[in-house]
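Chains as they are written, first to last, in the working numbering: chain X, 3 to 427; chain W, 3 to 427.
Please keep in mind that the hints were generated in silico from the structure rather than gathered at the bench. All values derive from a computational prediction rather than experimental measurement. You may find that some hints are simply not true.
Pairs count within a copy or across copies, as identical chains cannot be separated in the list.
Here are the simulated SDA-like pairs of lysine to any residue, each with C-alpha atoms no more than 25 Å apart in a straight line [unchecked claim]:
1) K319 <-> G369
2) K336 <-> E325
3) K49 <-> G179
4) K319 <-> P42
5) K319 <-> P46
6) K301 <-> S69
Number of protein chains: 2
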Amino acid sequence: MPRNPLRVWARYWIETAFPLAEAAAALAGEQSSGTFVSVPGETPELKERYGARVEALRALDTVDAPSLPGAGMPGGVAQPRWQRAELDVSWPLDNMGPSLPNLLATVAGNLFELRQFSGLRLLDLALPPDFARANPGPQFGIAGTRRLAGIAQGPLIGTIIKPSVGLSPEATAALAGELAEAGIDFIKDDELQADGPHCPFTQRVDAVMAVLRAHAERTGRLPMYAFNLTGEVDEMRRRHDQVRDAGGTCVMVSLHSIGLTGLLALRRHAQLPIHAHRNGWGLFSRSPHIGVSYVAWQKFWRLAGADQMHVNGLRNKFCEGDESVLASARCCLKPMFDAPEQGCTVMPVFSSGQTVRQAHGTYAALGSADLIHAAGGGLMAHPEGVAAGVHAMRLAWDAAMAGVSLEDQAQRESELRQALEGFSA
Amino acid sequence: MPRNPLRVWARYWIETAFPLAEAAAALAGEQSSGTFVSVPGETPELKERYGARVEALRALDTVDAPSLPGAGMPGGVAQPRWQRAELDVSWPLDNMGPSLPNLLATVAGNLFELRQFSGLRLLDLALPPDFARANPGPQFGIAGTRRLAGIAQGPLIGTIIKPSVGLSPEATAALAGELAEAGIDFIKDDELQADGPHCPFTQRVDAVMAVLRAHAERTGRLPMYAFNLTGEVDEMRRRHDQVRDAGGTCVMVSLHSIGLTGLLALRRHAQLPIHAHRNGWGLFSRSPHIGVSYVAWQKFWRLAGADQMHVNGLRNKFCEGDESVLASARCCLKPMFDAPEQGCTVMPVFSSGQTVRQAHGTYAALGSADLIHAAGGGLMAHPEGVAAGVHAMRLAWDAAMAGVSLEDQAQRESELRQALEGFSA
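Pulled out of the complex, with its shape left as it was, chain X reads as follows (with noise of 0.2 Å):
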């Protein structure tokens, strides 16, 4: 999509019984000046300055029944068919300003339930550099992420701990410490565990650190630890507080549990790298009928301040599909806005059934190693133990960079044909 400096550009996936340029025509209506009954106010030089515009209209397939129930038809047509097309929306930045909320509230507000449409979702965003200079953006991004990862090139090798809920403070910090041992690059809490009172917050970071810190002194390396601080604003800035003074150096939050303002409260208070997860994400993206895209979702996220973004994995345990994997964790690598330091790009976490098989896959769709590759079961049931799940998951992406098969690569290392042997999908 084109960007222009002035004005905010949005593309829909539509679906209408109604004429094409009429329902387009009613969403810019409804999501700017118009009203559905015209009001004395709305005057055409308001409406000329004010409106939203239709941009661009493309007709794509038709239907015989609507996707989503609830829409109108027009009047007296007999056999009406359900038009599906593109379209591009764009307003003045003059409407909103460079505010995210109320970006939101424009482009992805009223419009759902509007009865033109029996399907509608928004697809993509192109912003005017405002938006880079009003908003935070990720403070560390990817080259900060590596270095207080400590990891100069190839992904961070990562994991969650599981069980997801239950583990005491001990139990955590003693897994973590297992892990540092294990040589991991980057941990993760679960986004089920933030302040539970089995598990509280504070109790849990001073565990945590202790183990991680001793490590840290005997090897000189201190894998990053992504604590969950979900909570209220002024909860989060407190735990994000007791995060760096215990020498932590990453925490997490659930974008959709804190909410933009949530985020973009805590990234103006943060000296530590943002960990987004994006749990709840499916009721966005489930219905081909309904929804935001990722690629647009994203770009709030990014301009509020997360560091890193879960993108879900390549033949994960979820719905979602491998293009559409690759598609958002593109999106993160591919900076916003023209100038250099408002590229906004984060790194993406890849999750979900994650194994030694998937590192040659998402390097060559990818291409590039500037992502967090996290695993569970893919690095703890390794034979060998989780020392050898990790340096095998290390040897798979190893040998994707250099572009040796997995297979030779096995060939040559008994971590690596260990693990292919465990996981034979």
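Position chain W relative to chain X; hints supplied.
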């Protein structure tokens, strides 16, 4: 649903090709102690203590194709059927504590993407009273809103500044002045109008409140004006203070734009009622196969501190049917907890295509006039002007509350008669 002081209950609508109990167990496991592969730390004791429990499973209809793409099927079944069901799951409060953001990650987190489900909606929630103690809840609610608006009984007759966006601060103030002269009880900014460069929040508040204060000095009546302060947390707090200092009596936010922690942060700071706009709600409500019901969803926002919540209106211009609108409104008026001080009841806001013709139906269905009835064209387009429009709406409500039919009242009252003639639908 039963209220349990130590467990969170959630009800889902699900659709699955797997045996029901197996699919339900997958959801409960994934959202608590479980992982895709079993791990050493997930002991039977831990599972017993922290595992989510399947409390009830009621089979509904079956369909011969999955409603959403991406779901899995059990192996070896020649002609699968997709079974729908209502599923109740409970979690120990100890898993997440009474934290709304972390509750959200538990009951509406990674479960929408589970391969077991070709459909999943969160229908309802029952929470331990600890949530009422730990969260602020509505500060003003119905009684506080009535007190500040000076309306002891009957609905607050309200309207929305239109055009939605594009008016200058002065033009907004002039319109607010006209509406005040017309005897309106409640005015709100459009959700598209917060702090756009053409109508900065600060100037709008100054201009509008100067006019409304002058009106109040003259007449003794100050309409409640909900200023849309949607923005970052510190901005919202600052804007709230400006409204308070200018003598204003209400602030407004777009819930999805600010998120849970934004509302919590504003509420903990606020000395004015918070008007909660739900734009973007269609994302959760449009599909029958994925989403969150308003019945469940509004409980988060009530606990977080909304005082007035949008519920759409009868025979509205959007896609939502009347039954859904009324279920939402009834919810707002229904106490969430048994203790009187923990009811968290809020004032429902009816709007969208509203005229004098919806007063009787709304009152009859709801059995209450504790609401804001907002209309645009339904007031403005009265042939005798806005004051007659507002008066006609009040006459319709007086009749509804007195058990007098709309037609009988219209025979006696010319403003109502004219309004009825104007709005035939």
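Hints and how they fare:
no. : hint          : in the structure
1   : K319 <-> G369 : within (23 Å within a copy, 48 Å between copies)
2   : K336 <-> E325 : within (16 Å within a copy, 45 Å between copies)
3   : K49 <-> G179  : between (62 Å within a copy, 23 Å between copies)
4   : K319 <-> P42  : between (55 Å within a copy, 20 Å between copies)
5   : K319 <-> P46  : between (53 Å within a copy, 24 Å between copies)
6   : K301 <-> S69  : neither (27 Å within a copy, 29 Å between copies)
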